[in-house]
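The residues making up each chain are set out below.
Protein chains: 2
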Amino acid sequence: MDIAIHEFDRDTAVAPLGAGRHRGLVSPGYSIGPYPNGGYLLAIAVRALAAEVAPPDPLAVSAHYVSPSVNGEPFDVEVDVVRAGRSHATAQARCSQDGAERMRVLATFGDLGRLEGPTVELGSPPDLPPLEACLGGPRRDGGRQNAPMPNGLVAAIRDRWDARLDPRTVPWLAGGEPSGRGEVAGYGRFADGREPDTLAMVLIADAFPPAVFDLAPSAWVPTLEFTVHIRARPAAGWLRCRFTTRHLRSGYLEEDGEVWDSSGVLVCQSRQLARVNRPRPL
Amino acid sequence: MDIAIHEFDRDTAVAPLGAGRHRGLVSPGYSIGPYPNGGYLLAIAVRALAAEVAPPDPLAVSAHYVSPSVNGEPFDVEVDVVRAGRSHATAQARCSQDGAERMRVLATFGDLGRLEGPTVELGSPPDLPPLEACLGGPRRDGGRQNAPMPNGLVAAIRDRWDARLDPRTVPWLAGGEPSGRGEVAGYGRFADGREPDTLAMVLIADAFPPAVFDLAPSAWVPTLEFTVHIRARPAAGWLRCRFTTRHLRSGYLEEDGEVWDSSGVLVCQSRQLARVNRPRPL
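Going down the list, the protein sequences come from chains A and B. Position 151 of the first sequence, counting from 1, maps to 150 under numbering that gives the first Met the number 0, and the rest follow consecutively. Position 188 of the second sequence, counting from 1, maps to 187 under numbering that gives the first Met the number 0, and the rest follow consecutively.
Incorrect hints may have been included.
As the list claims (entries may be wrong) - Facing chain B, a subset of chain A residues (Cβ under 10 Å, in silico): (1) S66; (2) P67; (3) D79; (4) Q91; (5) L105; (6) P129; (7) L130; (8) S217.
Said to hold, decoys possible - Some chain A residues flagged as far from chain B (calculated, every beta-carbon gap over 12 Å): (9) E72; (10) D97; (11) G174.
Honestly, the hints are just simulated from the structure, not real lab data. All residues carry an ideal CB built from backbone N, CA and C; glycine is no exception.
Here chain A stands alone, though its shape is the one from the complex:
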């Protein structure tokens, strides 16, 4: 019997402090360079939010980031329930470290096991090469796989989130020029074998390299706003993910994400507004 707790569940665990307050701890395991991944931080908030409402699944989660979080420090989530419905519930989270607000979150929950209504699917999962032909892979040498990225940053998150990238979408990863198509696609799963679920979607939708790397060299892509729609409970197995940036304007960009499960169902859509910071001499 497998009683081990998975990394993601341990690293997003929150302790209830009463009156809607919860405390987590920012693991350094989800960082890009010195900064924790924004989707990971949002996952801590979603865990706290889910503890305060009845419906089990986040349907829409919106986060506005206001200051960079610090690794290894507590992460305080103060939940305010806006609407405590049984079919839908909406709540807000104020997330802070040592009193400094890091992000403000709104989330609407529902029950993806009890939906009824028409289905029309005009999209399709990304057409990916076989897993073996993708870049990335299991931890090597019994240790870390993460060599610095072309921008010089080490992505610790690569040890927790196993992204296998379609090499056609990441020419810059092998030292080539951006293709100009603004797309990054690949397979993804948790490195320790944890299966995906709706709570993990906010991390998963932010856990691939930025699609803007395929348009313009950037050292760092801080997120201003990030919204995730969770549309279905994912089947077990590899997810197929596609991220695109089509409008980079005066340094601001959107990144749109799609996450498809192993049964071919769109389980999540995401969009973020981010900025590119210029590459610095490394």
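Got chain A; can you put chain B on it based on the hints?
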């Protein structure tokens, strides 16, 4: 000299009550059936938010709707400034009527007149037929243009927001079947000649008929979550707008919007998560 106040500015005006509190009034002029348009309500909130922060332009606005608003009643907006920066500011609005919360909003503001950074545009405005070939148009008979839509609802908003629809995208409007492409496109401007600005984008991105009408018959499409990214200050003149729904799943759908200005610049992107309610016998 034109000193008349435009309808949109009058209908979104808020009176400051101190301590971040503002009061507006829900005009019945932006309704679809009995309910005020969600983008219009959000515009009232954005007016109040803008009054409390320094940067002039909303960059990202996220709204979670929790109960239907009532026409003709006061609309109270309580603003909480999360980050009061000069280049970026983030604030939250709690919107209520007679104490009942209607929606919770997060917004990040910036200055779209002072951006610098790279631009790469992979998209393009919708390819629309000439204005004269589009459906909709100026008020007729000196009065209202809005006959009931195929779902039986009267859209009062059509008298304030002049949408000229590409007939190829709205076959259902003339009694035909949905095309199954999930797209609605057209020109848009305020009916009274007010030029577009960044504050109006949250209305504009919700002021066209739902794209899901081109996929499945629906009586009503209530929004759960709506996020708008404003990317540039719009030039004067007709806007070109495109709305798409590609994933209708168990009655839940996303609607993605793009608003392009008369100079060919993408000024706004939007996405909402909504539900379709089944048509009722009329």
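Here is how each hint holds up against the structure:
{"no.": "1", "hint": "S66", "in the structure": "holds, 7 Å"}
{"no.": "2", "hint": "P67", "in the structure": "violated, 12 Å"}
{"no.": "3", "hint": "D79", "in the structure": "holds, 9 Å"}
{"no.": "4", "hint": "Q91", "in the structure": "holds, 6 Å"}
{"no.": "5", "hint": "L105", "in the structure": "holds, 5 Å"}
{"no.": "6", "hint": "P129", "in the structure": "violated, 26 Å"}
{"no.": "7", "hint": "L130", "in the structure": "violated, 25 Å"}
{"no.": "8", "hint": "S217", "in the structure": "holds, 9 Å"}
{"no.": "9", "hint": "E72", "in the structure": "holds, 19 Å"}
{"no.": "10", "hint": "D97", "in the structure": "holds, 16 Å"}
{"no.": "11", "hint": "G174", "in the structure": "holds, 21 Å"}
Checked against the numbered hints listed earlier, the structure breaks hints 2, 6, 7; every other hint is satisfied.
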